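S.K.: Dock chain one against chain two, each of which comes alone in its own frame, and use the hints as you go.
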Amino acid sequence: MTKADIIEQIYEKVGFSKKESAEIVELVFDTMKETLEKGEKIKISGFGNFVVRQKRPRIGRNPQTGEEIEISARRVLTFRPSQVLKSALNKDEIAEF
Amino acid sequence: MNKSDLIESLAKKLPNLAGRDVEVIVNTIFESMTESLRQGDRIEIRGFGSFEVRTRKPRIGRNPKTGMSVEVGERKVPFFKVGKELRERVNKAVI
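Quick note, the sequences are listed as chains F and E, same order.
Take the first sequence: its letters are residues 453 to 549, numbered as in this note's numbering.
Take the second sequence: its letters are residues 1023 to 1117, numbered as in this note's numbering.
These are computed hints drawn from the structure, not numbers from a lab.
There could be a bad hint or two in this list.
Subject to a maximum C-alpha distance of 20 Å in a straight line, what follows is the list of computed SDA-like cross-link-like pairs (lysine to any residue) [said to hold, decoys possible]:
| hint | chain 1 | residue 1 | chain 2 | residue 2 |
| --- | --- | --- | --- | --- |
| 1 | F | LYS485 | E | GLU1066 |
| 2 | F | LYS490 | E | ASP1027 |
| 3 | F | LYS455 | F | LYS485 |
| 4 | F | LYS507 | F | ILE523 |
| 5 | F | LYS495 | E | LYS1103 |
| 6 | E | LYS1034 | F | GLU486 |
Far from chain F, by Cβ distances over 10 Å, these chain E residues were calculated [stated by the list, open to error]:
| hint | residue |
| --- | --- |
| 7 | PRO1037 |
| 8 | LYS1079 |
| 9 | ILE1082 |
| 10 | ARG1084 |
| 11 | ASN1085 |
| 12 | LYS1087 |
| 13 | THR1088 |
| 14 | GLY1089 |
| 15 | SER1091 |
| 16 | GLU1093 |
Quantities reported herein were computed from a predicted structural model and do not represent experimental measurements.
Ideal placement from N, C-alpha and C gives every residue a C-beta, glycine not left out.
Chain E with its partners taken away, still in its complex shape (with noise of 0.2 Å):
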């Protein structure tokens, strides 16, 4: 599932609302989480999971073609913790 079928799918349990505003909405939730990572802030989604900014240390990384070591400085990197709720009901029909 990609975003169209993420909004495609609400839209058909929203029928009193236009397609474009449930595009509009599925954008907004994004991009302010987005933001809000940027801003260095946490985001808690209870039941779904949080996501944290974690640091990453600077390393020397190598160009893998030409084999010469690069600096990488400081990284920030997004990290998803899944909720308890999300994460028994993705287990709960194992195969």
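Only chain F is shown next, with the shape it has when bound in the complex (with noise of 0.2 Å):
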């Protein structure tokens, strides 16, 4: 699935054109980049939490030539899947909450 498909879905489901689907499909994702940017996370109920998590430096090692190296302290976006998504995979009975 792509963007595309995503698109086709408000086209099909919600009856938007598809350049207006297009246009708001790409807001929607737009909007999700400049809040994370700001490092704030983004909770989405029934599918799962976006978390810019902040890591210290560390001392990681060449795989090849063992040589070590400090990677640098940075900010790492994680995404925690909500229950309802995971069991929703696994064709589990707690699907709905």
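M.R.: As structure tokens, then:
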């Protein structure tokens, strides 16, 4: 599935034109990116949480040469799937809550 | 930011759309993504990231309260990999 397929779903199920659907889908992901860029987390109930985490610098190793290098401090994005999404993938009984 | 905040923020940027419509669209996006993953399909959103389903092998787990062994069957778990653009944007403002 790509953005084009999501746009197609909006067009079919919600009835917006393809052009409108495309603009809105683009705007949804742009808004999410702007929010995460600010370091703010996004919680989508029933889907999952996108969380920005601060990582301290650490010593890593080039696996090929064994050479030690410092990996700088950084911010990374992690996704924590909701229980609802995890259940949906496993056809569990507890899919609703 | 939760889903309602996202909807509100989008509604402000789309003054010609009814708030209810924005809500339906946001729900449709996440529902169609869930459905796609449920079918084992991979999702790729350029500049944002990709989602895929990974399979965890069956294992012997333990009930932490009683210590009893229980078999945990094969599990499917969603996995998100951040896209290059978003990874760089999130990391840009290191404090």
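S.K.: Look at each hint and say if it fits the structure.
M.R.: Each hint, compared with the structure:
With a C-alpha separation of about 15 Å, the suggested pair LYS485 (chain F) and GLU1066 (chain E) falls inside the 20 Å cut-off, and the hint holds. The straight-line distance between the Cα atoms of LYS490 (chain F) and ASP1027 (chain E) is roughly 15 Å, inside the 20 Å bound, and the hint therefore holds. At most 20 Å may separate the alpha-carbon atoms for a hinted pair to count; LYS455 (chain F) and LYS485 (chain F) meet this at roughly 15 Å. A threshold of 20 Å between alpha carbons decides the hint, and for LYS507 (chain F) with ILE523 (chain F) the separation of about 10 Å falls inside it, so the pair holds.
As the CA atoms of LYS495 (chain F) and LYS1103 (chain E) are separated by approximately 17 Å, the hinted pair is consistent with the 20 Å bound. A threshold of 20 Å between alpha carbons decides the hint, and for LYS1034 (chain E) with GLU486 (chain F) the separation of about 15 Å falls inside it, so the pair holds. Residue placement check: PRO1037 (chain E) keeps its beta carbon more than 10 Å from all beta carbons of chain F (closest about 12 Å). At roughly 14 Å, the least C-beta separation between LYS1079 (chain E) and chain F is larger than 10 Å, which holds for a residue marked as non-interface.
Consistency note on ILE1082 (chain E): stated as away from chain F, and its beta-carbon is indeed over 10 Å from all of that chain's, at 18 Å minimum. For ARG1084 (chain E), the non-interface assignment is confirmed: its Cβ lies about 20 Å from the closest Cβ of chain F, beyond the 10 Å cut-off. Interface exclusion of ASN1085 (chain E) from chain F stands, the closest Cβ pair being 17 Å apart, more than 10 Å. Against the 10 Å criterion, LYS1087 (chain E) stays outside the reach of chain F, whose nearest CB is about 19 Å from its own CB.
Once the 10 Å rule is applied to beta carbons, THR1088 (chain E) is consistent with being away from chain F; the minimum gap is 21 Å. GLY1089 (chain E), annotated as away from the interface, keeps every beta carbon of chain F farther than 10 Å; the closest lies near 24 Å. With a cut of 10 Å on Cβ distances, SER1091 (chain E) stays outside the contact zone with chain F, its closest approach being about 21 Å. Non-interface call for GLU1093 (chain E) relative to chain F: holds, since the shortest CB-CB distance, roughly 15 Å, exceeds 10 Å.
In summary, the structure agrees with every hint in the numbered list given earlier.
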